[in-house]
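S.K.: Here the protein sequences line up with chains A and B, keeping their order. Just so you know, we're using the numbering used here here: the first sequence kicks off at 1 and counts up by one. Just so you know, we're using the numbering used here here: the second sequence kicks off at 1001 and counts up by one.
Because the hints were derived from the structure by calculation, they are not lab data. Predicted model, so just to flag it, every value in this text is computed and none were measured. There could be a bad hint or two in this list.
Now the in silico label distances, taken between C-beta atoms and shown as ranges [unchecked claim]:
1. A:V205 with B:S1361: 30 to 36 Å
2. B:A1022 with A:R307: 56 to 62 Å
3. B:R1095 with A:E159: 23 to 29 Å
4. A:Q121 with B:L1347: 56 to 62 Å
Glycine included, C-beta positions come from ideal geometry on N, C-alpha and C.
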Amino acid sequence: MASHGIKDRVAIVGMGCTRFAEHWDSGADELLRTACDEAFAGPGLAKEQIDAYWLGTAQSGMSGITLARPLELVGKPVTRVENYCATGSEALRQAAYAVASGAYDVAMAVGVEKVKDSGYQGLNAFPIPGDGTARTVTAAAMFSMVVPAYAAKYGVSAEDMRTVLARIASKNHANGARNPKAQFRKEWSVEQLIAMPRVAGELSVFDCAGVADGAAAAIVVRAEDALRYTDRPLYIKALSLVAGNGLPLGDPAYDYTTFPEIVAAAEDAYRQAGVTDPRRELAMAEVHDCFTPTELVLMEDLGFCERGKAWREVLSGAFDLDGDLPVNPDGGLKSFGHPVGASGLRMVYEAWLQLRGEAPAGRRIGTFGQRELALTHNLGGYPGEMVGFVSILGTRLGPRSGAGSGAGSRVESVAGSGSAA
Amino acid sequence: MRGILGWGVHLPYRRLDLATVAAVAGSGGGKGTRGIASYDEDTTTMAVAAARAALLGVSGPAAAASPATATATTPTPTPIKTLWFCTTAPAYQDRTNATAVHAALRLPRATAAYDATGAVRSAVGVLDAALSGAGSHLVVTSDLRTGRPGGADEAAGGDAAAALLVGDGTAAAPVLAELVGHAAATEEFLDRWRTPGDLASKTWEERFGETRYATVGTEAWNALLAATGLRPEAVDVLLVAGTHERAARSVLKKTGVPAERLHDPFVRTLGNAGAAQPALLLASALENARPGQTIALLVLADGADAFLWRTTDALATHTGPTPTVADQIAQGALLPYGRYLAWRGFLPVEPPRRPEPARTSASAAARATAWKFALVGSQNTDPQHGSKQTESQHTDSQHPEPHHPVHLPPSPFDTAPHPAADAEGTVVTFTIDRLAYSPSPPVVFAVVDFDGGGRLPIELTDVDPAEVAIGLRVQATFRRLSSADGVHNYFWKARPVRPVRGLPPGPEGIR
């Protein structure tokens, strides 16, 4: 038994993404049409040429009919998937594995969420009948418990923690301000953000993901077919998913400064892709910054820096657009917004733009042209009880050339390398 | 010999400063404070707290502190034949409320659980029935006393619960106060009344009730004297409980008992606890009594009941529950009047902009009764299971996993129950949630490690946000989380362990 992955067997050849916003005038149907039409247009495909569809939505519809109806699909297999806030990534994972299996030539992963029809601010889970003993605090409150735990473990003062969190939000707002599809396009200074009133623990509303409607889509084909559809495909190097068992919630050894599911998913993904030094090999990362302390912990859980050091790295700008490893160049959940089922595919969409050189100059990653791998990270749930997803995507088949700098780079020659050209 | 084997009292943490009422309501209030149940308390949850104190006070913490060997039910010093629940303000009608108390106490299935609800007098009726019968009975009285804002009932009432364990006594649980006699007098007259569903009662002209109670109270008292041969001056402590404050004062003069022997009726501190008042006064008297003392209880409620008790030598070595009534009075903290009105439903405030909780599933709750009502987790005591080093994927090895991890909530794969309700715990990390739905935002939420094993992320209550810190010591408390479609969702929260032994209220005491 092993997690083998599907490295270099599947490629993304078309993508689409709506603007993430409060789309008062659009329902899930319109959002799905918009994202799919953009994805079809790139490779010049028609809906009939897609052999199978996977639709990710947390609670904007049930069954594959939620996608088949607005697209007026005829005789197509459409599967609705749900995996908390990692739903969009799960749709991609299913579509990619279906192509890798040989069952289909062309598959499409679509994610959508129509959040703003609930009448409430924030995200609200669909109620499942229960015994009434489940926690009822918000996700913001659950993630806010990371803040005092991290500060205590690593001896970070309350003031420094507040600055670190504001620095993360400020960076993501700055990136989002340069992104026409982002929900929030205004820059905020660290000082402004520190002054915001708290809503959950030390978190203000500006430490929380934007709540937006939106949709995103990706078309996947066999890697050897990719160049038929585009001259710049993105090859899937790794797809990893880990569902937590919830036991850390009741485990006195769990200290709220790490997400074990993410550590496990990242290890698996790096092994699938052959990545040994993510900090130097990755050109960029899109991570699930549902709350600012989440992004802080993820920098360590994803191996971007040593344990206990992420807060200093954040302050030094290591993850800025022009930093050592740009994180959330599109603004992240924080600024791009978080339509649950679409977010995982939105992250891939940014990798698609950046690695292909299509991101506007104003928010182009500083590593562009030097590195060729992107990581997307998506999670759902809470500290101690989450699903974690990590993908690694690259512009070239085969073991890529090294990161250009550092002793950790590896140059290997493997059959099939460069065969796509 | 039949009498009282143990007692337990629950006084809610919050107090209303009656001097603050008139500024809002235009009239009413007065001097002193009254006890007010928290927004997450009802007569059922308060009854659970008082009954737990009564059983712990009798069995001592030793019986409850060996959870690893605990069976399906709580070890009690004497088999309890009947659990009685008495209140004027039941959380449910047409179904028994005592079953929730029964579940929270983990009493055996063979123990009957009955409600006696509606009138203040039902409490003494049940006490008489328990004393007249055979075997041990747990009489739990609990009341939530409301009145319209600015009215006399609002100022005079107090929310509280008190439980008495009654029986013949055993070596493990001897009689502490023997019943010497009981006399009753009954008369139909209209002093106070409430239409079912109303939030407050109405009262007739005060003087009418005062004169009727003076007559019927004296009648019952004289009957008690005649039956027991008691001389009034031989009474060491006189307890007078009644919803009519003036009547209680005038009857006192007619008893012949010296006025200084009257036990504090808590008028200026807690208010009158209605159905819970007789047992509350008895508990307080027993906490301060010596062996061989004579205690008389006179209850004025739609007639009158007079009880006579004599404390036994066993009282000298009985430690009783902690905190005591006096400690609980000292621990109280003020709540602003507006907040009180909102808690009681007299001031409908804007709810949080989040969906209200869904209705609890009856069948799901039934499958989880031990967990939901009694906070019973689980533990795998299988020796082969003990070698397992870790069960979650945490990477921090600073805290080695215990050999037999405790699961809160229980795991279906474990072999033994782990009762956690009596254990104290420590806050590991916490948050203040100003976004979540709550009947009284903000939600104070913490991760708590319980002594004896087990970690539970749990809501805190009876706490101000500024008090919460890593390391805070807490104890579990049975509460009503919410209600939907008329279904009350009961579960446990945690609240700070407060200092005992009559310490004056600290900075957090009066705010």
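S.K.: Determine for every hint whether it applies to the structure shown.
M.R.: Now for the hints, and whether the structure bears them out:
no.	hint	result
1	A:V205 with B:S1361: 30 to 36 Å	33 Å, holds
2	B:A1022 with A:R307: 56 to 62 Å	60 Å, holds
3	B:R1095 with A:E159: 23 to 29 Å	54 Å, violated
4	A:Q121 with B:L1347: 56 to 62 Å	24 Å, violated
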